[in-house]
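Chemist: Take the two lone chains and join them into the complex the hints point to.
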Amino acid sequence: MVQQHTSTEQLNATFAALADPTRRAILARLASGETSVSELAEPFEMSMPAISKHLKVLQRAGLIERGREAQWRPCRLAARPLKDASDWLEHYRQFWEEAFDRLEDYLRELQKSESKKKEHKNGRKK
Amino acid sequence: MAARSNTAAESTACELVVTRIFDAPRELMWKTLTVPEHLEHWWGPKGMTSRVHQLELRPGGAFLYSQRAPDGREMWGKWVYREIVAPERLVFVSSFTDEKGNLTRHPFEPNWPLEIQGTSTFAEDRGRTTVTVRMVPINATASEEQTFFDGSKFMEEGFAGTWDKLDKYLATL
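First to last, the protein sequences are chains H and R.
If you count the first sequence from 1, position 100 lands on 100 in my numbering, and the numbers rise without skipping.
For my numbering, add 126 to where a residue sits in the second sequence, where the first one is 1.
With the rest of the complex left out, here is chain R (with noise of 0.2 angstroms):
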């Protein structure tokens, strides 16, 4: 493992990792995420239509997309960039807006308020490429994200076996 870094990712109890293999080369993978062209054929759930029309990839540029779904519901979302590594590591928040970019609510779901860091990153091995990313909820003053940064060790603890247990018990409710 390498030294602790001061990101995010690896210290919180409440990120959430996802992560596939594909079986795709590294550069491939960027381009699948970083690229519009790319981007509108699959970004989003099942049987939504995605259409991008901002991205500049760039730190503090912004990937702005709409996604409708097939009852017509249409709602929109940005990323904006932090640190672009290409291509093997890209950073950003990411939150729901209007048509202009400002930040909104989540349009289906009021409860969703929170901008998400995520941290993607592309590790090829044989042609094939893991790609992971890691999402942290975010705060909007630095004391409140203070809290997550240092909040407690997540994997040290085994916190994943205290969730199982919570999550048992919440599914009886």
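For reference, chain H alone in the conformation it holds in the complex (with noise of 0.2 angstroms):
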């Protein structure tokens, strides 16, 4: 139960700190390899509080970690519980899709039944 409810908190957090455009830009910045905060900070024209202030977010959120082995700390993507999000959002999709073919499929047979029975009150066209 306990566990649960870290996993709720776990996948909000980590949809809230999506929210922002430069968050995600840092995070997609690091999709392509552990960095340092400076060179993250370089695309951006923002102060270096500002910036440390949105990686303490991401921090918090589990999405990146901070190296502690070199000097520079080099920030990097903690990929979990983006997967988890991902999968959150991607399993919906399906179920929807999934849903909406079989949709189409109820819609032909409800419109082959329906014109048999009032030829002249079909509106389709095609």
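To be clear, the hints were calculated from the coordinates, so they are not data collected in a lab.
We treat Cβ as the ideally placed atom computed from N, Cα and C, and that holds for glycine.
There's no promise every hint is true.
To be verified - In silico lysine-lysine, DSS-like type, Cα no more than 25 angstroms apart, as pairs:
(1) H:Lys83 <-> H:Lys53
(2) H:Lys112 <-> R:Lys157
(3) H:Lys83 <-> H:Lys56
(4) R:Lys157 <-> H:Lys116
Claimed, not checked - Label pairs and their calculated CB-CB ranges:
(5) R:Pro171 <-> H:Met48: 17 to 23 angstroms
(6) R:Glu163 <-> H:Thr35: 53 to 59 angstroms
(7) H:Glu34 <-> R:Thr230: 35 to 41 angstroms
(8) H:Arg66 <-> R:His167: 51 to 57 angstroms
Modeler: Right under this line is the structure:
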């Protein structure tokens, strides 16, 4: 139960962190490899403290990790939560796509029997 | 484009959009999504047998359903309607439930916690209807919900490109 609760909060935190464009850009940059904070800050017209704030949000959401080994403490993507969020969206899409496939079939059946019943009222156009 | 409304769908990075053009008039499409006898024929993934246990088409009313997989596993879920504008627009909050309609975790995937707000729109053009469902995860509290609704502008920023990049990366994991 506690475990599941953590997951709920994790997913919420992931989506909340992803809601900001700068943070998404940072994640996209990190997708091509770990990098230093100053390098990360370069493309943005933003102060270092502002960038640090975004990094903290991402770190709290578990989306990035900061290295301890090197002095420049590189940032890297922590993939698990992102993957969970992405799987979650994908699963939902799948659900609807399959239901819509079925709906298409059902409509065909429905319209076939409808047109038999009341041919003159059939407004279907091809 | 219409002026920005205060609905969530236009303004979050995390929305999911499923759209399909059906060869049927809008009135009929509306019925297939709101009448139990129709819903039982198609609602749910392939191979699932759906049953509608309750459907009260009014704001605050619920659509409670169950779906049985071929292996006998059964799951329950519900929509609570928020906005009903026949035959144009249907807004609901979707979640997994037990048989009594109490919210639960996803039965097969415990990592599936959130409620989803779905906004479906129906647009007819020469006898064919485009049905679009926009889904956003919503949180229980108003402030958390605000995070999504104030969230950045998905379309304007071309987040799709960013997401593609992430997708590719995720695929390598």
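Chemist: Work down the list of hints and note, for each, if the structure agrees.
Modeler: Hints, verified against the model:
1. H:Lys83 <-> H:Lys53: holds, 23 angstroms
2. H:Lys112 <-> R:Lys157: holds, 17 angstroms
3. H:Lys83 <-> H:Lys56: Distance ~20 angstroms between H:Lys83 and H:Lys56 Cα, so the pair holds.
4. R:Lys157 <-> H:Lys116: Between R:Lys157 and H:Lys116 the Cα gap is close to 19 angstroms, so the pair holds against 25 angstroms.
5. R:Pro171 <-> H:Met48: 17 to 23 angstroms: violated, 48 angstroms
6. R:Glu163 <-> H:Thr35: 53 to 59 angstroms: holds, 57 angstroms
7. H:Glu34 <-> R:Thr230: 35 to 41 angstroms: Since H:Glu34 and R:Thr230 have Cβ atoms about 39 angstroms apart, the given range 35 to 41 angstroms holds.
8. H:Arg66 <-> R:His167: 51 to 57 angstroms: With a Cβ separation near 53 angstroms, H:Arg66 and R:His167 satisfy 51 to 57 angstroms, so the hint holds.
The structure fails to meet hint 5 from the earlier list, while all remaining hints are met.
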